[in-house]
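Please work from the sequences and hints to get the whole structure.
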Amino acid sequence: MSDLNTAMIEKYRSSFLKEVEANVEEGEWVKMCMQCGVCSGSCPLGKHWEHPPQEIFMMIRAGKREDVLSSDSMWMCTSCYNCIARCPRGLPITHIMHGLAVYSKRLGLTPQKQPTAEFSQIFWDNLMKKGRVNELKLGLSMYFKDGFGQGIKNAMANQKLGQNMMKAKRMNAMEFFGGHSVKDLSGFQKIIKKAQEIEAGNIKEFK
Amino acid sequence: MADEKKFAGYVCSGCGLGERLDAGQLETTATRDGKMQSCKQHEMLCSAEGVQMIKDDIANDGVTHVMIAACSRRAKVEAFNFTDVALTRANLREGVIWVRPDTDENKETTQEMADDYIRMACAELKSMAKPSASGEQSLNKNILVVGGGITGMTAAIEAAAAGYPVHLVEKSGTLGGAVGSYYKVIPTRSPYDAPAENPIPALREAIEADGNITVHLNSTLTKTDGAPGRFSVDIATESGTTETVSIGAIIQASGWKPYDANQLPEFAYGKSQDVVTNHELEALAVAASGGPIKRPSDGKEVKSVCFIQNAGQCSDKDGHLTYFAGVTDLVSIKQAMYFKELNGECDTTILFDNLRTPGAGGEDFYRAGQNAMVTFSKGIASEVVPGDSLTVKFEDKILNEQTEMACDLVVLATGMEPNSGPDPYAQLMVDEAEDEEEKAKAQAILENAPPSILNLQYRQGTDLPHLKNGFTDSHFICFPYETRRTGIYSAGPVRRPMDIQQARDDATGAALKAIQAAENASLGRAAHPRSGDLSFPSFRKEGCTQCKRCTVECPFGAINEDEEGYPMYNESRCRRCGTCMGACPVRVISFENYSVETVNQQIKNVEIPEEWDEKPRILVLACENDAYPALDQAAQAGVEINPWARVIPVRCLGSVSLSWVTDALNNGYDGIVMMGCRRDDDYQCHFVRGSAMAAERMSKVGDTLDTLNLEPERVILHEVAITDVERAPQLINDMAETVEKIGLSPFKF
Numbered sequence: 001m002s003d004l005n006t007a008m009i010e011k012y013r014s015s016f017l018k019e020v021e022a023n024v025e026e027g028e029w030v031k032m033c034m035q036c037g038v039c040s041g042s043c044p045l046g047k048h049w050e051h052p053p054q055e056i057f058m059m060i061r062a063g064k065r066e067d068v069l070s071s072d073s074m075w076m077c078t079s080c081y082n083c084i085a086r087c088p089r090g091l092p093i094t095h096i097m098h099g100l101a102v103y104s105k106r107l108g109l110t111p112q113k114q115p116t117a118e119f120s121q122i123f124w125d126n127l128m129k130k131g132r133v134n135e136l137k138l139g140l141s142m143y144f145k146d147g148f149g150q151g152i153k154n155a156m157a158n159q160k161l162g163q164n165m166m167k168a169k170r171m172n173a174m175e176f177f178g179g180h181s182v183k184d185l186s187g188f189q190k191i192i193k194k195a196q197e198i199e200a201g202n203i204k205e206f207k
Numbered sequence: 208m209a210d211e212k213k214f215a216g217y218v219c220s221g222c223g224l225g226e227r228l229d230a231g232q233l234e235t236t237a238t239r240d241g242k243m244q245s246c247k248q249h250e251m252l253c254s255a256e257g258v259q260m261i262k263d264d265i266a267n268d269g270v271t272h273v274m275i276a277a278c279s280r281r282a283k284v285e286a287f288n289f290t291d292v293a294l295t296r297a298n299l300r301e302g303v304i305w306v307r308p309d310t311d312e313n314k315e316t317t318q319e320m321a322d323d324y325i326r327m328a329c330a331e332l333k334s335m336a337k338p339s340a341s342g343e344q345s346l347n348k349n350i351l352v353v354g355g356g357i358t359g360m361t362a363a364i365e366a367a368a369a370g371y372p373v374h375l376v377e378k379s380g381t382l383g384g385a386v387g388s389y390y391k392v393i394p395t396r397s398p399y400d401a402p403a404e405n406p407i408p409a410l411r412e413a414i415e416a417d418g419n420i421t422v423h424l425n426s427t428l429t430k431t432d433g434a435p436g437r438f439s440v441d442i443a444t445e446s447g448t449t450e451t452v453s454i455g456a457i458i459q460a461s462g463w464k465p466y467d468a469n470q471l472p473e474f475a476y477g478k479s480q481d482v483v484t485n486h487e488l489e490a491l492a493v494a495a496s497g498g499p500i501k502r503p504s505d506g507k508e509v510k511s512v513c514f515i516q517n518a519g520q521c522s523d524k525d526g527h528l529t530y531f532a533g534v535t536d537l538v539s540i541k542q543a544m545y546f547k548e549l550n551g552e553c554d555t556t557i558l559f560d561n562l563r564t565p566g567a568g569g570e571d572f573y574r575a576g577q578n579a580m581v582t583f584s585k586g587i588a589s590e591v592v593p594g595d596s597l598t599v600k601f602e603d604k605i606l607n608e609q610t611e612m613a614c615d616l617v618v619l620a621t622g623m624e625p626n627s628g629p630d631p632y633a634q635l636m637v638d639e640a641e642d643e644e645e646k647a648k649a650q651a652i653l654e655n656a657p658p659s660i661l662n663l664q665y666r667q668g669t670d671l672p673h674l675k676n677g678f679t680d681s682h683f684i685c686f687p688y689e690t691r692r693t694g695i696y697s698a699g700p701v702r703r704p705m706d707i708q709q710a711r712d713d714a715t716g717a718a719l720k721a722i723q724a725a726e727n728a729s730l731g732r733a734a735h736p737r738s739g740d741l742s743f744p745s746f747r748k749e750g751c752t753q754c755k756r757c758t759v760e761c762p763f764g765a766i767n768e769d770e771e772g773y774p775m776y777n778e779s780r781c782r783r784c785g786t787c788m789g790a791c792p793v794r795v796i797s798f799e800n801y802s803v804e805t806v807n808q809q810i811k812n813v814e815i816p817e818e819w820d821e822k823p824r825i826l827v828l829a830c831e832n833d834a835y836p837a838l839d840q841a842a843q844a845g846v847e848i849n850p851w852a853r854v855i856p857v858r859c860l861g862s863v864s865l866s867w868v869t870d871a872l873n874n875g876y877d878g879i880v881m882m883g884c885r886r887d888d889d890y891q892c893h894f895v896r897g898s899a900m901a902a903e904r905m906s907k908v909g910d911t912l913d914t915l916n917l918e919p920e921r922v923i924l925h926e927v928a929i930t931d932v933e934r935a936p937q938l939i940n941d942m943a944e945t946v947e948k949i950g951l952s953p954f955k956f
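If you read the sequences in order, they're chains A and B. Quick note on our numbering: the first sequence kicks off at 1 and runs consecutively. Quick note on our numbering: the second sequence kicks off at 208 and runs consecutively.
Just so you know, these hints were derived from the structure itself, not from any lab. Take these hints with a grain of salt, some might be off.
[Unchecked claim] Beta-carbon label-pair distances, calculated as ranges:
#, chain 1, residue 1, chain 2, residue 2, range
1, B, Phe-683, A, Asn-202, 55 to 63 Å
2, A, Gly-90, B, Met-251, 54 to 62 Å
3, B, Phe-683, A, Thr-116, 53 to 61 Å
4, B, Ala-403, A, Glu-10, 39 to 47 Å
5, B, Asp-400, A, Asp-3, 34 to 42 Å
6, B, Asp-571, A, Asp-3, 42 to 50 Å
7, B, Asn-469, A, Lys-18, 36 to 44 Å
8, A, Thr-6, B, Val-493, 41 to 49 Å
9, B, Leu-730, A, Gly-90, 52 to 60 Å
10, A, Pro-88, B, Pro-919, 36 to 44 Å
11, B, Leu-346, A, Pro-88, 49 to 57 Å
12, B, Val-452, A, Gly-90, 54 to 62 Å
13, A, Asn-202, B, Ala-401, 26 to 34 Å
14, B, Arg-396, A, Gly-37, 28 to 36 Å
[As the list claims (entries may be wrong)] In silico DSSO-like cross-links for lysine-lysine, where the CA-CA straight-line distance does not exceed 27 Å:
#, chain 1, residue 1, chain 2, residue 2
15, B, Lys-501, A, Lys-18
16, B, Lys-604, A, Lys-18
17, B, Lys-600, A, Lys-18
18, B, Lys-604, A, Lys-64
19, A, Lys-64, B, Lys-600
20, B, Lys-283, B, Lys-262
21, B, Lys-262, A, Lys-18
22, A, Lys-47, B, Lys-604
23, A, Lys-18, B, Lys-507
24, B, Lys-507, A, Lys-11
The structure presented is a predicted model; accordingly, all values stated were derived computationally and were not measured. Glycine included, each C-beta is placed from N, C-alpha and C at the ideal position.
As structure tokens, this is what we get:
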């Protein structure tokens, strides 16, 4: 992972903007930001961002590579799409934020214990196993991610919710044992593998 | 027959006038008090039938003077357009019935108002004559364009295309001006995505091919005499020959000069050759002749460049321009794109605080710059450190930090200064300065005055008056082309900072205005705002004391003095505002249809009720450009006006004679309200200085009130805008309250 990071630093040296253009999904839009700040003002979670989107775009142009990629800001995005709807320049800001998060993760620069990053990993692993999300296991994995004792505490706290969901047949306790998968699990895994290969190839090509 | 006057009155009973007023009594008032030889009623005077009735009387009965008692003089002007007679209008609709409530208890005062307005109109008419042109000049179609830059060239081509011969005078040896030396220009057509071809070569060709345009290169004006329609201009060449040409109207397109960047030592201008202004960068781009732009110090190809926006402009610092050139952000985008075009992978950064990209394509061009990978950083540069690689220190306004960047070349986006002649009122400003600081400022302007461009032989100086920062003065809101010298139009960046497209539009407009001025002059017609007016001032020589007040106070420098010091009015320079009339202490200046007498007669013919009637009278002198229309609109909106008010429209508050105020007070009026346009710095006065002159003159009215032993509150002067629809009537009603408080005037006989 950090090998890739070193390679990218070598490759793009002075221009982080160009690196973002080449490697980040929708990254070619970053140069079009006109610094009006409507995105930052529109973000419902804005106050939790260390660097709001407008600032992230400026940092990219100013070449602040480490600060951006190891930032926890883009992980704060909840995909509400307020910024996209309002951006006068039509930047797909939500997508750029996700693109930056993915890129930072690929390079191994994501901050440790970043909750969104952790959840994303758990979600991904859960999904990959059966080709569909096992909600019971997803919940449990989240509860127990910080150790057994904390997991029991979390589970007790949400006991009532769990029981109600079962009563309403929104959750099935039997899913704990294996759970059902998509019809063609190996086919699904092949698709994902191929997609990952293509993506990695794009980055390696340094286009 | 020609000398015989015949007065006819016409009373309209349409628009509810018939129901609200006693038309029979109005007719009696017109004939008995107003001494109209005839008076007719019509149920709708502005209809074809009503108008025909008046026309027939003029044609068959020899009517020479017409009094129409109907709506405001600002309504139905097309219908009541009788050019062969002297005409006045009694405003019974907007002036009376629309501003008074329709109730029984108000009927009496409403009728009194209407009767008074009829008396006033008749009295005015008695001292009026039909205005006619002086015949001072015939049609002279020649247009003189001063300045051969993009503005002047465009103006010349446009005027010539309309069939008017043009003399184009250029100081230097080639046509083209500032734009002539540019590599490329800001695009003016969709898709606005790249710098466009320089238009100057094509314009040069067009001018060379145009038989209607005479080009005078290496030439200046050594003398401009006369007036619109009969200017006599001496064009002198560098080699010493002088040609005198006769000119109808003039366009001054003397352009701009770049700001002197030597006043920006913090940006190392002058210390490093690699710090250039935006103006100088054009030469580097041209010199590159299609190859990469090289830096001046060592000829090295520029690999990184930084543009510093607002260098020495939009700033209150000493020596900086306080205003923005409007165009320099677009210029920097254009120039950054030169580097993208010529220097390949060159890093280009534009350091801006406020990026302003006006015009239809401005935003698209900005986007095109971003698309081309020009980096826009919101930051304020504080210093450029010279060296092999220049260091630009700046405050990043988004990331909120002091930082710096290295680059090969720094471009300063400096502003534009007008290339105008000396301000004719510079000396006056020194004389009238209120404190030492102001005086020093005015003195500096006077001492650093540039050489004259027009060399006008006018009483009030050689060149066009300035507004601010040396830009030529014009009425920005209502008629931006009209300068304070009739028939001389300034266009392009000498008027205000502007880009090429704006300058070309401006030039086209000025060409049309110049043509209009030449044509108007031949017919004796006024320019804006009294366009088409044929009346012009004349004076009774026996009474004139040669005090020169009229020649000094004319806002348009229209009046010269003859050898004996008597005024010479120069009809076609005159804007017919009457400021001279208001200035004259001996009241000898008059227009055919507007004079001290016409207003005085109106004042005197209002019936002043006896003191015990407890009916005060308030005289309102309202400027016809803003205050009177505001009152008309108020009437339309049904805003009430006090029944004691009698409103007289004046051409400009500057035309108000102090004698009207004195006479009104002596006649028993209880209060006087004067309404003019906003004056001084952000003036809206249609005659520039009229309302300011009025305010100055009226500041002395306190003495008059003192000698009459009257309260100072009885006379008040207000600035009223055309939008003051609620406020204008309120000001009149306020005066009524004041009168109620302080009591009626003791001067009722």
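Hints breached by this structure: Going through the list in order, the structure violates hints 10, 21 and respects the others.
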